[in-house]
Amino acid sequence: MKSLIALAATTAVILAAPAIASAQSLSPTTVYGSLGYANASIDDLNLGSIQGRLGARFGQYVAIEGEVAGGVKEDSIAVTPALSVDFKVKSQLAVYAVGFLPVNPQFDLLARVGYGHSEIEASGAGATASADGDSWNYGVGGQYFFDEKNGVRVDYTRHDFKDSSDDADVWAVAYTRKF
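In our numbering, the protein residues as written are 4 to 182.
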């Protein structure tokens, strides 16, 4: 009985070895980064940020990526005819699990889910205040590579803030580079 189990285990390893070796040679881990512009729409505000991402793609289908952003475009809300309040993204940090669906060697569809922290600054009438919040983030997008290293990525991400009824719809476009 023991020799039968040993023979079955050995046969399974011998048959599986080429598939495992093939999968590793076809699907290496790659590191990538991106730099781009993101527009966050929160109620009547449209806030712009410079956004950077750094990720590790494990094979063809799964990645982990971190994201950081800082505001570059503010928006205003008129409180009275004489007073308006300016809003700006002060900082945004997030981490995501990303799933890829390779359509061809240059083009991928993607979906991502993660957790983030955002801080927004408001200023008006000589005073400045900031508010922050944690959010569950999820979205979809696509990326196209012009060659083996350089490409462009477009995506949409929804930020559902935990302690607020305000949510953000974020559209981003970025230059992407594989390292």
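To be clear, the hints were calculated from the coordinates, so they are not data collected in a lab.
Some hints here could point you the wrong way.
In the BS3-like style, the derived pairs of lysine-lysine whose C-alpha atoms are separated by at most 25 Å in a straight line are [said to hold, decoys possible]:
no. : residue 1 : residue 2
1   : 181       : 152
2   : 91        : 76
3   : 152       : 91
4   : 76        : 93
5   : 152       : 93
Since we're looking at a predicted model, the values are computed, not measured.
Quick check: which numbered hints come out false for this structure? 3, 5
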